[in-house]
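Q: Now for the letters of each chain:
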Amino acid sequence: MKIRTVLILVVLFAAVLFAMMKQNPAPESDQAFPTLPEVNYQAPVFELNDLMGKPFALTKGKPVLLNFWATWCPPCKAETPDLVAVSEAYGDQVTFIGVNVTTQDTMEDVRRFAADYQVSYPIVLDETGEVTKQYRVSAMPTSFVLDAQGVIVYKKVGPMTAAEMKRIIDPLLTRGGS
Amino acid sequence: MFEATEGFQLGPANVPISLIAVVMGLAIFLLWIKKGEREQSHQADRFRDLLFSSLFVALLVYKFWPFVENYGQLSVKPSQLLLYSGGAYGWEAAMISGVLWFTYGGIRRKLSLWLTVEWLLLGFVSVRVASSLLLKKVGMPTDWWGWTVQGQVYVPMNLLEGVGYLLLVGVYAWVRGQHGVKSGEDHSHHMTDGIITTNAVDASQFHKERAALLLVGVGLLTLLLTLGETGRNAVIWGNWTLAELCGFVAIIIGGLLLLYPIRYKKVDN
Numbered sequence: 005m006k007i008r009t010v011l012i013l014v015v016l017f018a019a020v021l022f023a024m025m026k027q028n029p030a031p032e033s034d035q036a037f038p039t040l041p042e043v044n045y046q047a048p049v050f051e052l053n054d055l056m057g058k059p060f061a062l063t064k065g066k067p068v069l070l071n072f073w074a075t076w077c078p079p080c081k082a083e084t085p086d087l088v089a090v091s092e093a094y095g096d097q098v099t100f101i102g103v104n105v106t107t108q109d110t111m112e113d114v115r116r117f118a119a120d121y122q123v124s125y126p127i128v129l130d131e132t133g134e135v136t137k138q139y140r141v142s143a144m145p146t147s148f149v150l151d152a153q154g155v156i157v158y159k160k161v162g163p164m165t166a167a168e169m170k171r172i173i174d175p176l177l178t179r180g181g182s
Numbered sequence: 163m164f165e166a167t168e169g170f171q172l173g174p175a176n177v178p179i180s181l182i183a184v185v186m187g188l189a190i191f192l193l194w195i196k197k198g199e200r201e202q203s204h205q206a207d208r209f210r211d212l213l214f215s216s217l218f219v220a221l222l223v224y225k226f227w228p229f230v231e232n233y234g235q236l237s238v239k240p241s242q243l244l245l246y247s248g249g250a251y252g253w254e255a256a257m258i259s260g261v262l263w264f265t266y267g268g269i270r271r272k273l274s275l276w277l278t279v280e281w282l283l284l285g286f287v288s289v290r291v292a293s294s295l296l297l298k299k300v301g302m303p304t305d306w307w308g309w310t311v312q313g314q315v316y317v318p319m320n321l322l323e324g325v326g327y328l329l330l331v332g333v334y335a336w337v338r339g340q341h342g343v344k345s346g347e348d349h350s351h352h353m354t355d356g357i358i359t360t361n362a363v364d365a366s367q368f369h370k371e372r373a374a375l376l377l378v379g380v381g382l383l384t385l386l387l388t389l390g391e392t393g394r395n396a397v398i399w400g401n402w403t404l405a406e407l408c409g410f411v412a413i414i415i416g417g418l419l420l421l422y423p424i425r426y427k428k429v430d431n
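Just so you know, the protein sequences line up as chains Y and B, in that order. Here the first sequence is numbered in this note's numbering, starting from 5 and rising by one per residue. Here the second sequence is numbered in this note's numbering, starting from 163 and rising by one per residue.
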């Protein structure tokens with residue numbers, strides 16, 4: 005048998021072996037995972053004040069949709085009714101958080117916006133712009149979907165449609181938020 | 163080297179480095195086709211045109227897909243289409259459209275099958291090399307050398323990927339050189355003997371073999387690299403992530419293609 009044929013058979017065998025190993029689910033690892041504002045990385049944690057001035061922290065335990073927005077941004081205005089509708093449809097199963105980039109907004113405008121669009125999910129105020137910088141948000145709206153372990157599973161720059169939100173969130177709920 | 167999230171600010175637009183890497187990889191690949199494949203210049207021109215038109219079709223579908231998904235909402239306010247792109251299945255729709263357009267165009271323009279597959283895979287490798295050299299990617303935590311993020315050292319995945327793909331390019335170049343020698347030997351044999359019928363190497367078999375080699379290489383690298391990744395990639399089927407599934411399928415198809423020896427075609431002079 006030629007060396008070439010042997011090599012090919014070894015590679016094929018290795019691939020099949022890999023496939024057989026994949027039959028067993030990988031054990032849950034508690035190793036440290038890098039924190040970066042990118043898909044498959046741990047989401048940076050933060051604590052900001054909400055519209056009432058109460059501290060609000062990003063926590064693990066259930067899926068989260070994190071939406072960075074501003075009142076002057078037309079795509080944010082287009083997206084907000086869908087965010088409100090989808091957040092109400094999921095109820096307590098999913099946490100929706102609107103992070104207002106307050107460095108580019110006024111408190112008065114933020115309150116008026118929340119009232120006009122009847123925003124029912126928490127709005128937190130990034131008054132120093134630190135969290136926006138931490139998540140490297142360069143355009144608005146930018147949304148991140150996190151699983152129950154706080155890992156970013158989806159990132160979208162630009163408005164999301166209701167169907168898009170559901171498509172990302174539903175699998176997180178069916179597999180127990182992980 | 164840049165962080166995955168970095169970009170260049172061009173006026174109001176932010177151009178991500180990941181996009182620049184793709185453009186750079188494609189540009190290097192197309193330049194190589196132009197300079198290195200002169201004997202295939204007609205095929206190369208058709209391939210390049212088709213590649214660009216397919217990318218354009220995919221881009222158009224991605225942009226207008228929300229209109230398909232949310233016809234009711236966007237038909238009332240068509241101006242909102244300016245704001246939306248993608249939607250729930252935008253990527254899939256764009257990719258399928260691009261592939262279908264490329265396949266249709268390839269058949270219509272009579273592109274050589276194995277040469278096209280070889281070039282597509284080379285284009286992919288070129289883009290991966292450019293991305294791995296430009297963009298930092300971290301994997302599992304390690305005690306060895308790597309990228310440091312918030313005090314913890316992580317496996318430098320992009321460097322491993324870069325080295326792997328450059329090795330693959332090296333093996334590809336060597337095999338290509340061997341094929342060139344074989345082709346030349348056969349040709350000289352034919353010329354010196356002056357026989358009427360001889361065994362001439364069918365060029366498409368060489369393209370097929372090189373395409374198969376690239377498939378196995380890309381598949382193998384994809385599977386090996388998943389071992390060092392964060393392990394947080396979403397599974398799409400059983401315990402398989404998309405990358406693992408694609409890598410496995412690529413190895414099996416490429417391996418089976420390689421198991422068939424080069425066939426010599428009888429040429430009557």
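Simulated from the structure, these hints should not be mistaken for laboratory data. C-beta atoms are modelled at their ideal positions from N, C-alpha and C, and glycine is treated no differently. Any given hint could be a false lead.
If we take Cβ atoms under 7 Å as the criterion, some of the chain Y residues that face chain B in the derived model are [unchecked claim]:
hint, residue
1, Val15
2, Phe22
3, Pro79
4, Gly133
5, Ala152
6, Thr165
Q: None of the hints should be skipped; say for each whether it holds.
A: Evaluation of the provided hints:
The closest approach between the C-beta of Val15 of chain Y and any C-beta of chain B is roughly 6 Å, which is under the 7 Å cut-off, so the hint is satisfied. Against a cut-off of 7 Å between C-beta atoms, the interface hint on Phe22 of chain Y holds, since the closest Cβ of chain B lies about 6 Å away. Against a cut-off of 7 Å between C-beta atoms, the interface hint on Pro79 of chain Y holds, since the closest Cβ of chain B lies about 4 Å away. The interface hint given for Gly133 of chain Y is broken, as the beta carbon of that residue sits about 16 Å from the closest beta carbon of chain B, more than 7 Å.
Interface hint at Ala152 of chain Y: violated, since its Cβ lies 12 Å from the closest Cβ of chain B, which is beyond the 7 Å cut-off. Of the supplied interface hints, the one on Thr165 of chain Y holds, with its beta-carbon coming within about 5 Å of a beta-carbon of chain B, less than 7 Å.
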